[in-house]
Amino acid sequence: MSHASQATLRPVRAADLDAVLQVQAACYPPAMQEPATVVAARIEQAGDTSFVAVHQNGAILGYVFAYRSRLGAVTPLDAHFEVDPQGDALYLHDLAVAPEATGLGLARRLAAQLLAQARDTRLDWCALVSVQDSRGFWERLGYRVAGCDTHAARAALATYPEPALYMTRPAHP
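Numbers 0 to 172, taken from numbering that gives the first Met the number 0, label the letters of the sequence shown in order.
Errors might be hidden in some of the hints.
Unchecked claim - So the derived label-pair ranges between C-beta atoms look like this:
(1) Arg143 x Ala40: 29 to 35 Å
(2) Arg121 x Asp148: 21 to 27 Å
(3) Gln55 x His150: 46 to 52 Å
(4) Gln44 x Ala157: 19 to 25 Å
If you are wondering where the hints come from, they were derived from the structure by calculation, not from laboratory data.
Glycine included, C-beta positions come from ideal geometry on N, C-alpha and C.
Using the sequences and the hints, build the whole thing.
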């Protein structure tokens with residue numbers, strides 16, 4: 000792959016499922032790979048807030064899944080999204096970039112797309128669970144570690160392999 004400008008971002012579609020699963024398999028250990036049925040449901044539930052990075056040759060190089068939620072709510076690994084139409088946060092559940100596209104800035108572009116969407120839809124917050132020692136990446140994008148205030152949120156966070164950190168950032172500067 001050459002550079003990120005050869006990739007465009009677009010909303011995820013049902014036809015992207017196999018390619019998304021291939022990227023997931025390349026990026027995560029088996030314990031963190033979510034079943035095809037769960038990923039397919041996410042595409043259906045949150046297709047308007049989830050995106051893929053597509054190379055000019057048609058290959059999917061990365062993806063991000065997000066949905067409208069409430070600040071402090073955490074989705075457990077392998078669970079279906081609980082979209083909250085009245086939520087105040089855009090919850091970024093999963094962002095992955097294929098190994099052959101690492102270093103092209105696609106993760107930053109996908110994250111920026113979600114931040115812009117949160118702003119455009121007048122949400123106050125962006126939230127996520129940092130996994131695989133990605134805390135530094137998210138901190139460079141303005142996210143900070145936040146506490147999980149409810150038993151349900153702490154239990155959901157515990158479904159992820161350590162270190163898993165709940166992180167938030169204001170959607171507006």
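Hint check:
A beta carbon spacing of about 30 Å between Arg143 and Ala40 agrees with the range 29 to 35 Å that was offered as a hint. Take Arg121 and Asp148: their Cβ atoms lie about 24 Å apart, and the range 21 to 27 Å holds. Distance hint for Gln55 and His150: a CB-CB separation of about 47 Å, consistent with the stated range 46 to 52 Å. With their beta carbons about 23 Å apart, Gln44 and Ala157 fall inside the hinted range of 19 to 25 Å.
Consistency with the previously given hints is maintained throughout, with no hint failing.
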